[in-house]
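Q: Each residue of the sequence shown is one higher than the one before, counting from 29 in the working numbering.
Just so you know, the hints here were simulated from the structure itself, not pulled from any lab data. Glycine included, C-beta positions come from ideal geometry on N, C-alpha and C. Take these hints with a grain of salt, some might be off.
Distance ranges between label pairs, derived from CB positions [what the hints assert, rightly or not]:
(1) Val112 to Leu77: 36 to 42 Å
(2) Ala96 to Asn131: 49 to 55 Å
(3) His129 to Leu44: 49 to 55 Å
(4) Val78 to Val112: 46 to 52 Å
(5) Gly46 to Gln82: 34 to 40 Å
(6) Gln93 to Asn131: 53 to 59 Å
(7) Gln82 to Gln117: 22 to 28 Å
(8) Arg53 to Ala124: 54 to 60 Å
(9) Leu126 to Ile105: 50 to 56 Å
(10) Gln134 to Pro39: 50 to 56 Å
(11) Trp35 to Gln134: 43 to 49 Å
(12) His129 to Trp35: 29 to 35 Å
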Amino acid sequence: MTIETIWVFVPLALILGGLAGWYLRARSGLSGSPEAGAPGESPPPEPVLVARRQAVQDAEKELVQLEARLARLTKAIAALQNQVQESEQERRRLLAALSEHQNWLQKDHPNLHGSHS
Numbered sequence: 029m030t031i032e033t034i035w036v037f038v039p040l041a042l043i044l045g046g047l048a049g050w051y052l053r054a055r056s057g058l059s060g061s062p063e064a065g066a067p068g069e070s071p072p073p074e075p076v077l078v079a080r081r082q083a084v085q086d087a088e089k090e091l092v093q094l095e096a097r098l099a100r101l102t103k104a105i106a107a108l109q110n111q112v113q114e115s116e117q118e119r120r121r122l123l124a125a126l127s128e129h130q131n132w133l134q135k136d137h138p139n140l141h142g143s144h145s
């Protein structure tokens, strides 16, 4: 894994982890808000429950969007890695051809090598 890949995946993993934690906390009712109440108390009023449900739905939608974005970025990274690999193979091929050409010049045409006057 290259440093560029790490710079992409680490922030995305942190975002997804934070959203998953927030989602699970909201879903379990441990939001830490004053309306949450202590265990054993009566449930929060209906508007609070509706707001929590909406927050969970919003978080789920955002998580789906982030997962889709992560999938697109993963594909883009794979494509870039393939391009880099192909470029490296082409560079090696060109270096080999250049080396072969230089050897040909030195071996078959020694007068061309080193004197232009």
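Q: None of the hints should be skipped; say for each whether it holds.
A: Against the structure, the hints come out as follows:
Taking the beta carbon of each, Val112 and Leu77 are about 52 Å apart, not inside 36 to 42 Å as hinted. Between Ala96 and Asn131, the C-beta spacing of about 53 Å keeps the proposed range 49 to 55 Å intact. Restraint check, His129 to Leu44: a C-beta distance of roughly 52 Å satisfies the suggested window 49 to 55 Å. At about 51 Å, the beta-carbon gap between Val78 and Val112 stays in the expected band of 46 to 52 Å.
Distance hint check: the CB atoms of Gly46 and Gln82 are about 19 Å apart, inconsistent with the given range 34 to 40 Å. In this structure the hint that Gln93 and Asn131 lie 53 to 59 Å apart at CB holds, the actual value being about 57 Å. The hinted range of 22 to 28 Å is not satisfied by Gln82 and Gln117, whose Cβ atoms lie roughly 53 Å apart. For the pair Arg53 and Ala124, the beta carbons lie near 59 Å from each other, so the given range of 54 to 60 Å is met.
Roughly 31 Å separates the CB atoms of Leu126 and Ile105, a value that falls outside the hinted 50 to 56 Å. Between Gln134 and Pro39 the beta carbon distance is about 53 Å. The supplied range of 50 to 56 Å therefore holds. The beta-carbon spacing between Trp35 and Gln134, approximately 45 Å, falls within the hinted interval of 43 to 49 Å. In this structure the supplied range 29 to 35 Å is violated for His129 paired with Trp35, their Cβ-Cβ distance being about 40 Å.
The structure shown violates the earlier hints numbered 1, 5, 7, 9, 12.
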